[in-house]
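Turn these sequences into a full structure, and let the hints steer you where they fit.
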Amino acid sequence: MDAQGRGGAGDIDPADQWVLNPETGNYELRLPGDSTDGPAGPRTGARSPAPDGTTTPRRTPPHQRRAPSSPRENTSRGTGGGTGAGERTAGRAAERTGERTVPAQRGSRRAAASDTAATAAASGGSRADRRKAQAKKKSKGKKALMWIGGGLALLLVVGCATALYAYNRLNNNIDKVDVVGRDNPFQKGEPVNVLFIGTDKRTGAGNEDYGNSGDEGRADTVILLHFSKDRTHATGLSIPRDLITDIPECEVKQDGRTVTIPGTAQTRFNYSLGVDGRDPGCVWRTVEEITGVEINHFMMADFNAVKDLSTAVGGVEVCLAKDISDDKSHFHMEAGTHRLQGEDALAFVRTRYGVGQSSDLSRIKLQQQFLGSLAREMVGTLSEPTKLWGLADTATKALTVDTGIGTIQKLNDIAQELGKVPVKDISFVTLPVVDNPDEPEDAKATVVLDDAKAQPLFRMLQEDLSLTDSGDDKKDEGQDEEKVEPAPAGEVRVDVYNGGQVIGAAQDTVNWLQNTHGVLLSTNASNADAQETTTLEYGPDQAGQAATLADLMGLPKKALKEGSADAGDTPMVLTLGDDFRGVGIPIEVKAEKPADVDTITADDESICAS
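Quick note: the sequence shown, position 36, residue 36 per the UniProt record's numbering, numbers continuous.
Just so you know, the hints here were simulated from the structure itself, not pulled from any lab data.
Source: prediction; values computed, not measured.
Don't be surprised by glycine CBs; every beta carbon is placed ideally from N, CA and C.
Warning: the hint list may mix true and false statements.
To be verified - Below, computed lysine-lysine pairings styled on DSBU-like, alpha-carbon distance capped at 35 Å:
{"no.": "1", "residue 1": "K397", "residue 2": "K328"}
{"no.": "2", "residue 1": "K229", "residue 2": "K410"}
{"no.": "3", "residue 1": "K176", "residue 2": "K387"}
{"no.": "4", "residue 1": "K558", "residue 2": "K453"}
{"no.": "5", "residue 1": "K365", "residue 2": "K420"}
{"no.": "6", "residue 1": "K387", "residue 2": "K365"}
{"no.": "7", "residue 1": "K365", "residue 2": "K322"}
{"no.": "8", "residue 1": "K410", "residue 2": "K176"}
{"no.": "9", "residue 1": "K410", "residue 2": "K424"}
Claimed, not checked - Simulated DEER-style distance windows between Cβ atoms:
{"no.": "10", "residue 1": "D255", "residue 2": "V597", "range": "40 to 46 Å"}
{"no.": "11", "residue 1": "D579", "residue 2": "H332", "range": "47 to 53 Å"}
{"no.": "12", "residue 1": "D178", "residue 2": "V597", "range": "34 to 40 Å"}
{"no.": "13", "residue 1": "G380", "residue 2": "E562", "range": "57 to 63 Å"}
{"no.": "14", "residue 1": "R257", "residue 2": "I503", "range": "34 to 40 Å"}
{"no.": "15", "residue 1": "V259", "residue 2": "H332", "range": "43 to 49 Å"}
{"no.": "16", "residue 1": "P262", "residue 2": "G380", "range": "43 to 49 Å"}
{"no.": "17", "residue 1": "V259", "residue 2": "E463", "range": "34 to 40 Å"}
{"no.": "18", "residue 1": "P556", "residue 2": "T599", "range": "25 to 31 Å"}
{"no.": "19", "residue 1": "R169", "residue 2": "V434", "range": "44 to 50 Å"}
Written as structure tokens, this is what we have:
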């Protein structure tokens, strides 16, 4: 480190003042103006070679005590062990005159004094001589501390320089996208939702065999990662690329201008990226529309990221329950446990024709197994600095992120927060879907949302609930209240009004009640004044009918409006509000995991692809 500009150093590099003493094997500080030749030879500014032939490392000199602003009397403060007061005062005076006493120096100027003290102590000489010898011996501990201090200073300087280099390099690695209209940065102490996008973009070395290398890439793999407010759990919701959904209008930045990309109704979900100029912000908006969950940030990776990250952690362990051979993904491997990296890792997460039903849903399970194993490997890497640097370098090269986390400092901040979640409490679940009913049975290629199962999962994310909790400790609201015996569906009398925004909702509901559940005494009573929430009005003598209809419609307790007088044969009044989303969809969705929805956890090492 150049000492210029720090005062009094002249043109001399402090590191050049440390030279090797061949008699002691130690490096010693030689100060300006000290021309006495000792055992180390002439004291020049050049660095001497170390005993192994390498160049002497630059070292920071030990800390020198600042000279006092006013002289002190040369009086003794005591005669105990250690260096006398007179010697300390002389040392301070030497500092003021520029002839500083050098800690740990073994030059010839002090050799004679050292030899004399040692000889006197050995021969039982005078008390003063013995005292000097003891002082010399006791000073070794202080010198050792100063050497340690110098070493730490060197590490600090080198560490800071390395950190600055690393910081700049990692920052320059990161690709960023400005998501227009979305400024929702994560907050400590709040839930965090990160959208992970895996694109099938095929640029880069070695990807020529996977398809058109000029393709912009679409949203091939999308996982909404929800991290709880208290950082005790996380949920990864995988969204099938072949889901038929509405892609909303979105704004993107093109050549410095903001451009609006029109929305598309009922199309494949993976078209939310790369089609018509859509960027990751369009995927962001689409996922928010589907789930009702506000997203904070996104991270996007391509084919190369899978290859590079799996290699950086030393391979990712996966399990195969049977032999798999898929010519399209180039994955061919026997049953058993394997550690995959590079091309093999990419082939594994892309394969689908050799597993399950040869569908995208089958491939999602492989990807979840892979990500869980990768998470375990990355946690293990945190204790290995050399691997950690390689992983950080690889990850920042592989990722594209939003500008909200577009620096290494911001990425580190969010990583520190999300890293608090135990691996065993990170769970993965696939968005519940069913085959597209509009496609012929022998040509099923797309899927549609299974609302009855998907909506409870969305509510769990919205309410920050864990998929790994058993729920045994939770007490159902109102479980101590007196239960009403539901009436048979054929006895339920109800007039249905539409006060919501869904056109034809009243008639659709009547058809559904009659044809699906046998509520034959239901009637379409036309439209009503607009209202936000659905309500059911009934008399005390209709409590059983109300219980039946509330169960069918998924009505919350607050929707039930019991009157004071019995109604007799007068039908109940069901008024649909803005919270009505469609027939068969509960008005109130319970935040609970559907019984037949499978999940896996990141720490589960027993999962095998089949």
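Any hints from earlier that this structure breaks? Give me their numbers in increasing order, please. none
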